[in-house]
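**Q** Could you slot chain X onto chain E? The hints should help.
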Amino acid sequence: MHDMVCRVLRIRPELAIMLLRRGVFTPEEKAEFLQSLPKGSTLFSAPSLGAVQFATMLAQGDTHLAARAVLRNCIRPNELEWLYRLLRFQKPSDKRDELTRAVERALEGRKGNVRKSK
Amino acid sequence: MSESLSETSKPSELINSVVKNLCALAARAWAKRWIITFTAPTGVGKTTAVDYAERTLGFDHQVIRCKQITTRYTLLQTLALAPGEKWTTHGRNWMRASDLYGRAIERIRQRPYLLIIDESDRLRLDCFEILRDFWDDAKLPMLLVGNEVLTEKLNRQHERLFRRIRIRFEQRPLREADLRKVLEFMGYAIADDEFTLLWKLVGGSPGFAEALLENANEIAASQGAKRGIEALEGALRYFPTLRAAA
Numbered sequence: 003m004h005d006m007v008c009r010v011l012r013i014r015p016e017l018a019i020m021l022l023r024r025g026v027f028t029p030e031e032k033a034e035f036l037q038s039l040p041k042g043s044t045l046f047s048a049p050s051l052g053a054v055q056f057a058t059m060l061a062q063g064d065t066h067l068a069a070r071a072v073l074r075n076c077i078r079p080n081e082l083e084w085l086y087r088l089l090r091f092q093k094p095s096d097k098r099d100e101l102t103r104a105v106e107r108a109l110e111g112r113k114g115n116v117r118k119s120k
Numbered sequence: 048m049s050e051s052l053s054e055t056s057k058p059s060e061l062i063n064s065v066v067k068n069l070c071a072l073a074a075r076a077w078a079k080r081w082i083i084t085f086t087a088p089t090g091v092g093k094t095t096a097v098d099y100a101e102r103t104l105g106f107d108h109q110v111i112r113c114k115q116i117t118t119r120y121t122l123l124q125t126l127a128l129a130p131g132e133k134w135t136t137h138g139r140n141w142m143r144a145s146d147l148y149g150r151a152i153e154r155i156r157q158r159p160y161l162l163i164i165d166e167s168d169r170l171r172l173d174c175f176e177i178l179r180d181f182w183d184d185a186k187l188p189m190l191l192v193g194n195e196v197l198t199e200k201l202n203r204q205h206e207r208l209f210r211r212i213r214i215r216f217e218q219r220p221l222r223e224a225d226l227r228k229v230l231e232f233m234g235y236a237i238a239d240d241e242f243t244l245l246w247k248l249v250g251g252s253p254g255f256a257e258a259l260l261e262n263a264n265e266i267a268a269s270q271g272a273k274r275g276i277e278a279l280e281g282a283l284r285y286f287p288t289l290r291a292a293a
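Chains E and X, in that order, are what the protein sequence lines are. First residue of the first sequence? That's 3 in our numbering, and the numbers climb one at a time after it. First residue of the second sequence? That's 48 in our numbering, and the numbers climb one at a time after it.
Hints were generated in silico from the structure; no laboratory data involved. Any given hint could turn out to be false.
[As the list claims (entries may be wrong)] Some but not every residue of chain E turned toward chain X, in silico, with C-beta under 8 Å:
no.: 1; residue: VAL54
no.: 2; residue: ASN75
no.: 3; residue: PRO79
no.: 4; residue: PHE91
no.: 5; residue: PRO94
no.: 6; residue: ARG112
[Unchecked claim] Negatives, chain E to chain X, calculated, CB over 12 Å:
no.: 7; residue: VAL7
no.: 8; residue: ARG23
no.: 9; residue: PRO29
no.: 10; residue: GLU30
no.: 11; residue: GLU31
no.: 12; residue: ALA33
no.: 13; residue: PRO40
no.: 14; residue: LYS93
Yeah, the Cβ is synthetic: ideal placement off N, Cα and C, and Gly gets one too.
Looking at chain E on its own, in the form it has when it is part of the complex (with noise of 0.2 Å):
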């Protein structure tokens, strides 16, 4: 199983859906966790969640994916604005200040990541 499943069936299904709905995921990976789903599952039907909602979810939730949403483009300014509020309130960590400096370059309309020397 893909990382990027395991990690997204580990989540809040509202959370999932929506960055099921913004395009997160490759093609394969998708398919993959709409296998992986029961019968009947009622994840479809979750609700939108709004700008807010979504931020605060993305900021709590798995780094990784958060990360991933941000540099494939698939969060609004000010859902990123939001995103970076909220990363502030937390402690700071390793895995924290990363995010934080994708969404600040995501903010300034850069592209990528920045690559630390090891």
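**A** Positioned in the frame of chain E, the structure of chain X alone reads:
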């Protein structure tokens, strides 16, 4: 006519204790040529206060807002180059960091100003060293604004700069009445039970309160209802740390 206008017009600024303290410290740092730190928890309104100070201070000042990666080069560029001036990083006119430093020092000596650094807790070690050099060489007064991490960071890693700081000001979170005033100023009509819950959860942090209220607004809107205590409690599920506190 004038009465009705004064009744309906809303003040464009709310000067709360955070803004007052920050502006007072900025004035003091400038008058005495001191380095001062201003620390407060996240969401209290430091950046809003810095924005206000930037617009209103009556003496020369420059504000730097730190990003995740603020290097000593970006710091030097900001202080040494005029607005719009480019830093040629290649070719015959290549400029080294030491050249930039020299230019920055010259600018400060010719026309001193107060340097305000917002979110300075995000600065790296070499940036703090540069700031110390600026103070040593040109007596550049500074107001370093940040959260609790700033004090810890300076205390542990930057003893030489720490010893040069004259005032270490810790801003307390807003009081209950102040928080209510700020939220009302931001345009939130809050019932008493909602405010009681908010106060219990976020204390004096309007930033956090705003995030909770906006989430509650969206939850209520998705249900076609007006925001109430249920929506606010519903919003809490997005903030596991606050839920644990509640």
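**Q** For each hint given before, does the structure comply? Return the numbers of the non-compliant ones in rising order.
**A** Result: hints 2, 3, 6 and 14 break, sorted rising.
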